[in-house]
Every structure is written in structure tokens, then in C-alpha cells.
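Kindly produce the complete structure, drawing on both the sequences and the hints.
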Amino acid sequence: MSSDAATASLLQAGLAAMQAFFHEGEPALRRALEAFRAAEADVRGSAEPATLTLWLLGMATALRYTRRPEPMEAGLQRARELVNVAARGQGEAAAIPYRTLVESLHRDLADVVPARAGESLAAGLEYSERTVRMARRARRDDWLAAALASRAGLLARAAGDDRRALRRAVTLYEEARRRWPTRDAEGRARVGIGYAAVLLAVGQAGKAELAVRESLAALAVRGDRYHEAAARLVRARALYALDLDEALDEQAAAADAYRMLGCRWELKQAEGTLR
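Count along the sequence shown from 1, then add 373; that gives the number in this note's numbering.
Wrong hints could be hidden among the right ones.
Distance ranges between label pairs, derived from CB positions [what the hints assert, rightly or not]:
| id | residue 1 | residue 2 | range |
| --- | --- | --- | --- |
| 1 | A414 | V594 | 32 to 42 Å |
| 2 | A423 | P554 | 15 to 25 Å |
| 3 | G579 | Q385 | 37 to 47 Å |
| 4 | R551 | R403 | 30 to 40 Å |
| 5 | A411 | V575 | 41 to 51 Å |
| 6 | V575 | W638 | 20 to 30 Å |
| 7 | R648 | R510 | 37 to 47 Å |
| 8 | Q385 | P444 | 14 to 24 Å |
| 9 | A590 | A423 | 30 to 40 Å |
| 10 | D622 | Q385 | 33 to 43 Å |
| 11 | P442 | R509 | 32 to 42 Å |
In silico SDA-like cross-links for lysine to any residue, where the CA-CA straight-line distance does not exceed 20 Å [what the hints assert, rightly or not]:
| id | residue 1 | residue 2 |
| --- | --- | --- |
| 12 | K580 | R556 |
| 13 | K580 | L615 |
| 14 | K580 | R537 |
| 15 | K641 | A488 |
| 16 | K580 | R540 |
| 17 | K580 | A620 |
| 18 | K580 | R550 |
Please keep in mind that the hints were generated in silico from the structure rather than gathered at the bench.
The beta-carbon is built from N, C-alpha and C at its ideal position, and this holds for glycine as well.
In C-alpha cells form, the structure reads like this:
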């Protein structure tokens with residue numbers, strides 16, 4: 374097998390394993406990271422921008438889901454590099470879909486490293502403001518939907534008890550859901566988890582439960598067990614707010630799913646107090 378073919382094989386193995394992570398859990402994530410690391414030297418030695426773009430996207434995403442500070446910081450660097458590679462090669466607008474990965478890493482680092490949450494969220498919000506402006510100018514509903522949902526998630530996470538900021542996040546999520554492409558039911562379902570969480574934060578538990586139940590149905594069909602567990606946890610909180618007995622069963626189902634997937638950080642969150 375030629376060097377180029379071997380690199381392509383490793384890259385495809387890494388991308389396939391990253392997709393499998395959402396169904397199989399941590400063992401697939403380990404396989405993805407091994408493949409991406411094995412391919413790095415050859416990818417960086419190649420003059421093929423498309424190969425580098427795929428590698429950066431895969432590696433940054435895999436490092437994001439380690440839920441460990443140092444790998445996630447490395448993932449943030451790779452995501453920023455991805456944005457720069459896309460902008461240099463195809464123009465700034467081509468980088469719009471990748472900018473939300475930078476924002477997701479800032480948001481997730483706020484959860485994983487609470488001591489630096491303010492810094493991470495401020496950086497993510499500043500970055501996302503420009504992403505939304507760029508996406509509106511590009512007049513691409515799919516890009517704008519993702520940019521709006523990303524900013525909504527950051528606003529909701531940074532809001533604390535600021536009701537105005539939380540309501541702004543609701544508005545952004547609703548615009549994102551209206552614009553979301555119908556062909557991407559799984560992406561819309563994942564966004565629905567964040568939407569339900571912010572509805573819950575503004576006291577709309579009934580509406581939150583309906584929204585997250587819709588997401589659960591779509592995710593179950595596609596076998597996305599990782600995000601299904603996240604949806605179950607939000608639904609448990611909504612049911613708890615509604616004083617419904619099924620809340621603890623739903624929380625237990627989320628914890629069982631994370632345990633089976635080997636996602637220890639997420640399991641710890643799922644086993645916490647419902648509120």
C-alpha cells in the first residue's frame with residue numbers, strides 16, 4: 374500500500390471510529406484518536422488541503438469528547454487551525470461551518486474546567502458573535518442555523534440567573550430550529566437538547582419536556598446513544614420540575630447509558646442532583 378493510500382486508510386478509520394463513538398462509546402473514541410495520531414505526520418507532510426481539513430476536523434472533534442482539560446485545549450488549537458486552513462484555501466465564508474467547533478470547545482471547557490468558565494465563555498461568545506454575522510451575510514440557512522444554535526448554547530451557559538440572556542438564548546434556538554435543514558433530523562435533534570434545557574431554565578418545563586421528547590425519538594431511530602443519554606437527562610430534569618414520578622427513572626436510564634458507553638465525566642453529571 375502506498376503512503377498516500379495508508380494515510381487515507383488511517384484517516385477514514387479515524388472518521389468512522391468517531392462516528393461509532395456516539396453508539397459504542399469510549400472504545401471507539403480511543404480507536405479514533407489512535408488512527409488520527411498515526412496519520413498526523415503524513416497528513417502534515419502532504420500538500421493536500423482537503424486531507425488536512427478532514428484530519429483537523431476529526432482530531433479536534435475526538436479531543437473534544439475526551440472531556441479532559443489538556444486534550445480539549447489541544448482540540449481547541451486544532452479547531453482554530455481548521456478555521457484558518459479553510460479560510461486560506463477557500464475564502465473566509467468557507468470557514469463558517471467550522472467556527473462552531475471552536476465555540477463548542479470553549480463551551481465544553483467551561484463545564485470541564487469550572488475555574489476558567491468565565492474566560493472560556495467570554496472567548497466563545499466573542500467568537501460566535503462574528504460567526505453569526507458572517508453566516509447572515511453568506512445567506513446560507515444551514516450555516517446560519519448552526520451558528521445561531523451555537524451562540525444560544527453559549528449564552529445559556531453564561532447567563533446564570535440573567536433572565537434576559539436566557540430569553541435571548543430561547544429566541545436564538547427557535548430561529549435556529551426554524552432554519553435547520555429538514556435533511557438533517559439528527560442535527561436538529563441534538564440542538565433540541567440545548568433548546569429544551571434553556572426552556573427549563575426560563576420555567577417552561579412542559580414545553581421543555583415536549584421538545585426533548587421529540588429529540589429523543591429522532592436520536593433513538595439513528596442509534597445516537599450518547600446524545601440520547603443527554604436528552605434523557607434533560608427530560609429527567611423537566612419531569613422533576615413538573616413533579617412527575619418518571620423523573621428518577623429517566624435519570625437512571627441516562628446514567629446507565631453513559632456507564633455502558635464508558636463516558637465517566639458525563640456519568641458523574643448524570644448521577645448528580647436533579648434541578
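Worksheet item: Which of the stated hints cannot be reconciled with the structure, identified by number in ascending sequence?
Response: 12
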